[in-house]
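Enquirer: Sequence:
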Amino acid sequence: MNLPKGKPTLWVFFFLGIVLPSIVLTFLSFRSIRNEFYVAKKSYEDDCIIFNKQIEEKIEQEFTKVLEEVRANSIWLLDQPRNIDELSKPMPFDSIPGIKALFLFDAQGKVHPKFTPKKQFKLPPQNIEVDSFDISLNRENNLNREYLLRLLRSGVHLSEEKHINNLLGILRIHYQKENWGQCLAIINSLQRKNNLTGIFNSSLHISLQLMRFNILVKTNNLDQALNFAQTLIEELLESPEINHLEDVLFAFDSILNTVLSFESLSADKRESLWYIHKNLLFLLKNAIAWNTYEELLLRLKVNPYPSTDGIMVLAQENLWGFKLNHPWLQGTQELVGVINPQSLNKRILSAVKPLTREWKEIYFKLYDANDKVLFSSLSGDSLNIQQETLLLANQLNWSLQIFERDHKELRQQSRKKMFLLYSLVFFSLVVIVLGGVAFGRSLTQERSLLSMKSNFLSSISHELKTPLTSIKMFAEMMAQGRIANKEKVSEYAELIGKEATRLEDLIQAILDYTRMEREDVVLQKKSLNLSKMVEDICEKVKTIAHQKGLRFYMELTPNILFEGDYSSLHSLVQKLIENAIKYTPAPGNVWVKLIVSEDFYILKIKDTGIGIDVSEQSKIFNDFYRVGDEMTRSTKGSGLGLAIARKAAEAHQANINIQSILGKGSTFTVQFKKVNNDL
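For the record, in the sequence shown the residue sitting at position 49 is 37 according to the working numbering, with numbers rising by one throughout.
It is worth saying that the hints were derived from the structure and are not from the lab.
Certain hints may be false.
To be verified - Computed cross-link-like contacts, EDC-like style, restricted to lysine to aspartate or glutamate with a CA-CA straight-line distance of at most 16 Å: (1) K594 with E566; (2) K581 with E638; (3) K581 with E566.
To be verified - Listed next, with one range per pair, are the computed distances between beta-carbon atoms: (4) A339 with L417: 51 to 57 Å; (5) K334 with R160: 24 to 30 Å; (6) Q330 with L302: 17 to 23 Å; (7) S364 with E149: 58 to 64 Å; (8) N245 with E283: 32 to 38 Å; (9) D34 with K334: 30 to 36 Å; (10) A339 with L210: 44 to 50 Å.
Positions of the beta carbon are idealized from the N, C-alpha and C atoms, including for glycine.
Construct the complete structure from the given sequences, taking the supplied hints into account.
Expert: Written as structure tokens, this is what we have:
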């Protein structure tokens, strides 16, 4: 990496590439937030238009769906059941949410419902003959017996209504005593009175038929009870006019519920009876509704103002009705119905609410025709109305109010965004400053590394040149025969060997460093005797220590087996011991210890050398680094020994550290972690 001698160029690049774009982006962001208030206001107005249109379309769509269901049901109404077989088939819509009742008219008059109440009247009181009944009740209850005899003897002097009341009292007592034969005799007698007509008598006829059915069920004559129920239904379908529709509805509901509980029914028969029950009750309920809402329905029927779209809605106090004709229906058909406001509102709101969830930011209120709030997205009325729309003016007459967005909220959101932007700008400035500092330090470190590499090349060149010069000089002297003394020849040969060894060590150091530096090199790990390897190295170098006037001590735990790369571990141990010998002046001591702890194999090399200043201890394992005082500078070396030791330790997941006091010596400690294979 070639760096310029001056930093201004790099700082210009740093300013133009990072600082200036950050300033421009910050300015544009502040300007954008300032304009955001007006953009948000315009966007809110556009959203309100879209929201209003979607709500209007959704309400119209759901109301049209109701009318479609009504039209589909009108086909069934036109061809309503005329016998029990037709009644046992399913209808398109047994109930339409939002609609209470439907009535279909053609040119001849009302088609549905089939059952219409006739005008009622009462006959004047008459005396009737008293039939003879068996009054043989429980002999233990003499009071009831005497009471019944008294009722029968006085019957000739009673009016028709009072006489029937007396018979019903007798019937009630027999029913409580479960005298089913006597009950049926009294029922037959009452039903044979052809002149028993009128409101009371019609209700009596219905009650007697229901009692007859219950007696058949209680006596376990289920087949007869089923046939009797079917006969009653056929009789009902053949009757053009019916009295007391509520009583008829109750009676047939009770009868059909009881029949459906019969366990002996087949699946097909049960399904058929289920549809009969469902459809018959639908017809009767609609017929009852005609009495309840007759005034409203007649007003709709005779209304002289036809609707162009075939729909007319009419409100009368709290009642709502509607009329459909062409083009919804064919020809002269007209369909009038009663609306259930609560159910219809609930149905339409259920379709609208999912749509409102997509527009949470819009404030609105939805009102019905009576100005009652159906749905709202805000709690108060502090906001101004932005627009108001009448929804289905000729039908539902709902209204939708959309309110302006709260400007305070918009400004509050802008302030939040400004605060966030200020925070981001501050954070960016901090990052830029820290990045500048890191960039400057990186440049300094790169320069320092280049300087150390340059010093290393200069030093290693000198270190290589010196032994080569000596070897060359002694070799030439010996080759030219200038040295006749054999002792001198032997001395010079020994010097040549030492210089060759020194040269070999320097080259080996460079090779070791290069090898450890390459990341793609795979270590050849295998089980080795760490104790034996350390001992061999000590034996090799202690002669050097002794020659220098140092005392050399060893304390090795024998037979420590460790899995590792022999070459790199050998370099690690040798570099540390040689370093201790090299920087320890005579007289001094060097200790080598290899001990075992619970989790680690610990190698310690301690010396009484020159020591290392605290400020230098964190750097000594860096590549090419050498302590910069005069003493170390006078000591020959490449600056690679401790770097090689660090890389070898890291390759074996070992920890290496130093403890040193300047002028008193140093202790290097390497901790090799135990693994299962080492045990």
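Enquirer: Need the list of violated hint numbers for this structure, in ascending order.
Expert: 2, 5
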